[in-house]
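Visitor: As you go down the protein sequences, you meet chains A and B in turn. Residue numbers are given in numbering that gives the first Met the number 0: position 93 of the first sequence equals residue 92, and the series is strictly consecutive. Residue numbers are given in numbering that gives the first Met the number 0: position 419 of the second sequence equals residue 418, and the series is strictly consecutive.
Certain hints may be false.
Claimed, not checked - Counterexamples of contact, computed for chain B against chain A with all Cβ distances above 12 Å:
(1) 75
(2) 256
(3) 303
(4) 366
(5) 470
Stated by the list, open to error - Capping the alpha-carbon separation at 35 Å, the derived lysine-lysine pairs in DSBU-like fashion look like this:
(6) A:20 - B:192
(7) B:232 - B:192
(8) B:5 - A:20
(9) A:20 - B:467
(10) B:41 - B:5
(11) A:20 - B:264
(12) B:41 - B:467
(13) B:232 - B:19
(14) B:118 - B:41
(15) B:99 - B:467
Unchecked claim - One side only, chain B facing chain A, incomplete, derived with CB under 8 Å:
(16) 308
(17) 338
(18) 342
(19) 369
(20) 371
(21) 372
(22) 373
Because the hints were derived from the structure by calculation, they are not lab data. A virtual CB, placed ideally from N, CA and C, is assigned to each residue, including glycine.
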Amino acid sequence: MSAALPTPAGGPVLRLDAVRKRYRPDRPAVLDGVDLEVAAGEYVAIMGESGVGKTTLLHLIAGLDRPDSGHAWLDGVDLATLDDDARTLLRRRSVGFVFQAFHVLPYLTVRQNVELPLRLLGIGAAERRARTDRLLEALGLAPLAARRPRELSGGEIQRIAIARALVHEPRIVLADEPTGNLDPGTAARTLALLRAQVRAQATAAVLITHSLAAARTADRILVLDSRGLSPLEAS
Amino acid sequence: MYDERKFYIDGRWVDPVEPKTFDVINPATETVAGTISMGGPKDVELAVAAARRAFDEFSRTTPAERLALLERMLERYQAHYEEIAAAISVEMGAPITLAKGSQAGCGTGHLGAMIEVMKTFRFEEMRGKTRITLEPVGVCALITPWNWPVNQVAAKVVPAFAAGCTMVLKPSEFSPFSAILWAKVMHEAGVPKGVFNLVNGDGPNVGAPLASHPDVDMVAFTGSTRAGTEIAKSAAATVKRVQQELGGKSPNILLEDADLERAIKRSVLHVFQNTGQSCNAPTRLLVPASKLAEVEALAQKIAAGVVVGDPASPTTTMGPVVSRIQYDRVQSYIHKGIAEGAKLLVGGPGRPEGLTKGYYVRPTIFSNVRNDMTIAREEIFGPVLSILPYQSEEEAIRVANDTPYGLAGYVWSRDNAHARRVASRIRAGQVAINGASGDWQTPFGGFKMSGNGREYGEYGLRDFLETKAMIGVDAA
Numbered sequence: 000m001s002a003a004l005p006t007p008a009g010g011p012v013l014r015l016d017a018v019r020k021r022y023r024p025d026r027p028a029v030l031d032g033v034d035l036e037v038a039a040g041e042y043v044a045i046m047g048e049s050g051v052g053k054t055t056l057l058h059l060i061a062g063l064d065r066p067d068s069g070h071a072w073l074d075g076v077d078l079a080t081l082d083d084d085a086r087t088l089l090r091r092r093s094v095g096f097v098f099q100a101f102h103v104l105p106y107l108t109v110r111q112n113v114e115l116p117l118r119l120l121g122i123g124a125a126e127r128r129a130r131t132d133r134l135l136e137a138l139g140l141a142p143l144a145a146r147r148p149r150e151l152s153g154g155e156i157q158r159i160a161i162a163r164a165l166v167h168e169p170r171i172v173l174a175d176e177p178t179g180n181l182d183p184g185t186a187a188r189t190l191a192l193l194r195a196q197v198r199a200q201a202t203a204a205v206l207i208t209h210s211l212a213a214a215r216t217a218d219r220i221l222v223l224d225s226r227g228l229s230p231l232e233a234s
Numbered sequence: 000m001y002d003e004r005k006f007y008i009d010g011r012w013v014d015p016v017e018p019k020t021f022d023v024i025n026p027a028t029e030t031v032a033g034t035i036s037m038g039g040p041k042d043v044e045l046a047v048a049a050a051r052r053a054f055d056e057f058s059r060t061t062p063a064e065r066l067a068l069l070e071r072m073l074e075r076y077q078a079h080y081e082e083i084a085a086a087i088s089v090e091m092g093a094p095i096t097l098a099k100g101s102q103a104g105c106g107t108g109h110l111g112a113m114i115e116v117m118k119t120f121r122f123e124e125m126r127g128k129t130r131i132t133l134e135p136v137g138v139c140a141l142i143t144p145w146n147w148p149v150n151q152v153a154a155k156v157v158p159a160f161a162a163g164c165t166m167v168l169k170p171s172e173f174s175p176f177s178a179i180l181w182a183k184v185m186h187e188a189g190v191p192k193g194v195f196n197l198v199n200g201d202g203p204n205v206g207a208p209l210a211s212h213p214d215v216d217m218v219a220f221t222g223s224t225r226a227g228t229e230i231a232k233s234a235a236a237t238v239k240r241v242q243q244e245l246g247g248k249s250p251n252i253l254l255e256d257a258d259l260e261r262a263i264k265r266s267v268l269h270v271f272q273n274t275g276q277s278c279n280a281p282t283r284l285l286v287p288a289s290k291l292a293e294v295e296a297l298a299q300k301i302a303a304g305v306v307v308g309d310p311a312s313p314t315t316t317m318g319p320v321v322s323r324i325q326y327d328r329v330q331s332y333i334h335k336g337i338a339e340g341a342k343l344l345v346g347g348p349g350r351p352e353g354l355t356k357g358y359y360v361r362p363t364i365f366s367n368v369r370n371d372m373t374i375a376r377e378e379i380f381g382p383v384l385s386i387l388p389y390q391s392e393e394e395a396i397r398v399a400n401d402t403p404y405g406l407a408g409y410v411w412s413r414d415n416a417h418a419r420r421v422a423s424r425i426r427a428g429q430v431a432i433n434g435a436s437g438d439w440q441t442p443f444g445g446f447k448m449s450g451n452g453r454e455y456g457e458y459g460l461r462d463f464l465e466t467k468a469m470i471g472v473d474a475a
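Next up, chain B with everything else stripped away, as it sits in the complex:
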């Protein structure tokens, strides 16, 4: 049982200004996993003031000093690795194998990548008589979600820190324990006081005051498009930079010449990974109509191998969704798919057989989905795949782009040049060919209503930098 009622402000663990607690529910058992405090505007005030005070000195540290601190952070992160993985699994339900692998691995990945970037990144250059310097944007508000909790904390804190910014982190109230461990990592690494601050709470009481605070220079947010637009509106009055990583409904085009067996295996498992709670999940599988029957049979076979159950068991491949709200939301979309006449191929409403407690949903596949059905338009954020048949490649590309989102895309073909031609026409921030994975320096972020800005590696770092031109400087 976690008891983490303090916030991390100005280098110390402090009580909230006004006591208010929140029980974090373990989604696998529906019992209380631990307790946190919920902050308010007064806590935000203290945290922003600490970050503002620390900025003047920290912004003038050298890249080499920050690099040394990043190396210390990586060392401390690795020391706490198992604890962090366990916290992720308990707070949001990821199977322990996933929590120890990809989920907690994101912390190591982002820290390691930024350490490499900092070894060579040039914060200044001369162009003629102009010296161009890249300087930290200022005090940053970092607001992160529960689905890949450490990933999104690391993808914001690490570049902000590397840039020389100071910051206030508000992690999701549904996944606070891994973020608290992250704060301990920073404290143990010797990060100067006030550089990193953490306030727990919800959007209205902590997120909104952060996003509108006059002393905050930038807001970096990952979450729903609805919340992201609210953040941007709050930030507009004081002209903050706003980085948003929002929703997705990513297309996955199987071209006529794709290796179907390999493509379907990777695609179906990607949608079901993390119980479908990934913003870049390939949830619209576009297949040639002539191959639909074959695809359906392969998809059914792969889905049958998914083991839904206790996240603590090493044989579990799919845990629960994060909360009752999310459970109801996913059920509603499954109902909607049925009501709108999609073909229910796998799964359906309700819990998997034998699971009576916990926010477990059935891995679900709809086929014969049309792109104007709700399940093809909206981000479900659950293990629900829509298969859409297409008649021609042009139609596939048109349907792939017929979405308000543009976070990711996927293309499969045995002919890499063919896949590249199609990939180049997808309006999305990241397009993966034949199931290839990016690395920790691959830029991540969306076109259209999937967001603004890019995260990871050097691109992530640049988002936290301002450009200054100093004119009339001697090159020497």
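Isolated chain A, as found in the complex:
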């Protein structure tokens, strides 16, 4: 397992080098030579048409799928050198996820929901409380801490999702259409909170989205198409 330990180098948190993925030999590659670097504290949005491979890209970044060729480094570690267990450990420690349809546990309070990743990592009660309080405060959830999800709005639930993704202080947050279910105003406020929090924690972030409005909250916008990733202006 020690091979899974991340190197604390000052390099990018995420690096993709000529990543290629083809699912079936009779079809074109879904991803064909994708390069990407994301630094600590940097917030990058990736846009693209449906079916262009955005979700596949996210899975490769998270080590949920393996590229056919090319390399993906997460937190300084070449994912190809890790077995499934080591990649799971790296993911658990270094990655936070925010998905579109985030499922919060209905029988737990907001606080208990946010705290859960820390419990799963075996972090002690005092530190759990301190970290959870900080996130609840930062995301405006402190007054709701004792409430249960059924009493909350969609925007509030997605803020719980963001708090949960960040509470274990990951090196990178991967967000797949995190505001796809929200109205535009709530989506903008939620993304502003995500942006502020990843910046405060110096966490890298990759946002996958269809929405230009959502993408505009990022430091950089990249477009994924059959040629790979390119800056929005050049596309």
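Using the hints provided, position chain B relative to the given structure of chain A.
Guide: For chain B alone, coordinates are given in the frame of chain A:
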């Protein structure tokens, strides 16, 4: 294309009081499979009134008369068997081999079992000077889900009928066509008018009015624990008997001395059967930590053989999930498993490669799951298996019971006595040893939040009976 806009009330096919239609979607193609009507409280009123009128006479029929009708029903069911299997496959996506086998086979199974029970069951006995008679509970509301549609219709209608009850069935609006064929079977068998009635619709507009209706004596419900508790609350004011068959998160303990290869094959395929949409699926696989790597390798091998695709193809072993709602729900849980740090061993988010249409999900296995992760706590109702390593047998038993549910349990050991010792400590309504299957008389139902009451065979029949003590009766 099905066009089934009528309800079956008082022995006739009738239009809904207020026309309102619903398109049933074929989950394999996302296109309309057919149209039904959605009922409301006025339709419920008519159906309950018909059942109430029929009760007085039907409740006094002899067991032999009802047995003869059950035999007719079995004969008519077999005549419609292929149609029923095809309807199941189209409405909820079961592969045709499963629809023709286990799914439609449930109708034959429950009817056949009850025919046997009725040949010997004693509806009365003497205890001293007390004559104890078992009498039908009354008018029953039967509310059934889409996952094993004919199974749950049969597991309620058959014992209710055998007991001498009259009834109103509300099948799931996602799987109405097999239930409509069931109604045709009963009509053709010559079931007296008003004894069996069918109203299609959703929970709020048909289920809730049925569950709270003052002329309904019992509600039998299969579905989620959330909906089941709502039903019970609706039924409470009029003190109805409530039978509930609800959710599960069933543990499957592989003991140190289990035949791993056999156990993993059966266990993984059981979770993936019916696209994971079975309340008793063994979704928490507890394995000795020392054998985790071996189990993972075996599980990957078995999962690789699953063929996901068109339910109409005889080579398909896994069809789609039933609906867009269910697809989104399963995806959300897969995301949750990843986000909470479980090891993704097989599958993952999204559709299987090559399937762009239809509510298909990837057969998914997580390993190194902890029992406090969401995917180990909650019923996913999709093809998602969680593997949980344990250090000691005591820990395995504790984790197995650490769930709000108690529907089923599974234990594997080469030593049957060892397996029995562990099985006896699992708090669940049914525990299977070494992959053994029950029969149509094996009681089915849950401990804890998995429900109340038992279905199948004699135990199912008893749930629809009231006990009357007549005192001072001459034994002669």
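Visitor: Hint by hint, say whether it matches the structure.
Guide: So, going through the hints one by one against the coordinates:
At roughly 44 Å from the closest C-beta of chain A, the C-beta of residue 75 (chain B) stays outside 12 Å, upholding its exclusion from the interface. No beta-carbon of chain A is positioned within 12 Å of the beta-carbon of residue 256 (chain B); the least distance is around 25 Å. The claim that residue 303 (chain B) lies off the interface holds: its Cβ sits roughly 15 Å from the closest Cβ of chain A, which is beyond the 12 Å cut-off. At roughly 8 Å from the closest C-beta of chain A, the C-beta of residue 366 (chain B) falls inside 12 Å, breaking its exclusion from the interface.
For residue 470 (chain B), the condition that its CB be more than 12 Å from all CB atoms of chain A holds, with the nearest at approximately 48 Å. Taking the CA atoms of residue 20 (chain A) and residue 192 (chain B), the gap is near 63 Å; set against the 35 Å cutoff, the hint is violated. Between residue 232 (chain B) and residue 192 (chain B), the direct Cα distance comes to roughly 30 Å. Compliance with the 35 Å bound is thereby established for this hinted pair. With a C-alpha separation of about 52 Å, the suggested pair residue 5 (chain B) and residue 20 (chain A) falls outside the 35 Å cut-off, and the hint is violated.
Between residue 20 (chain A) and residue 467 (chain B) the alpha-carbon distance is near 71 Å, which puts this suggested pair outside the 35 Å criterion. Straight-line distance between C-alpha atoms of residue 41 (chain B) and residue 5 (chain B) comes to about 14 Å, which keeps the hinted pair within the 35 Å bound. Taking the CA atoms of residue 20 (chain A) and residue 264 (chain B), the gap is about 30 Å. The hint holds against a cut of 35 Å. The suggested pairing of residue 41 (chain B) with residue 467 (chain B) holds, with an alpha-carbon distance near 34 Å, which does not exceed 35 Å.
Our distance criterion of 35 Å between C-alpha atoms is met by residue 232 (chain B) and residue 19 (chain B), whose separation comes to about 27 Å. Annotation: proposed proximity of residue 118 (chain B) to residue 41 (chain B) is violated, straight-line Cα distance about 39 Å (limit 35 Å). Distance hint between residue 99 (chain B) and residue 467 (chain B) is unfulfilled; the C-alpha atoms sit about 42 Å from each other, more than 35 Å. Interface hint at residue 308 (chain B): violated, since its Cβ lies 14 Å from the closest Cβ of chain A, which is beyond the 8 Å cut-off.
For the restraint placing residue 338 (chain B) at the interface with chain A, the shortest Cβ-Cβ distance is roughly 4 Å, inside the 8 Å limit, so the hint holds. A cut of 8 Å between beta carbons decides the hint on residue 342 (chain B): the least distance to chain A is about 4 Å, and the hint holds. The criterion of a C-beta within 8 Å of any C-beta in chain A is met by residue 369 (chain B), whose closest approach is roughly 6 Å, and the hint holds. Proximity of residue 371 (chain B) to chain A holds as hinted, the smallest CB-CB distance being about 7 Å (cut-off 8 Å).
Proximity of residue 372 (chain B) to chain A holds as hinted, the smallest CB-CB distance being about 7 Å (cut-off 8 Å). The beta carbon of residue 373 (chain B) comes within 6 Å of a beta carbon in chain A, closer than 8 Å, and the hint placing it at the interface holds.
Of the hints listed earlier, those the structure fails to meet are numbers 4, 6, 8, 9, 14, 15 and 16, in rising order.
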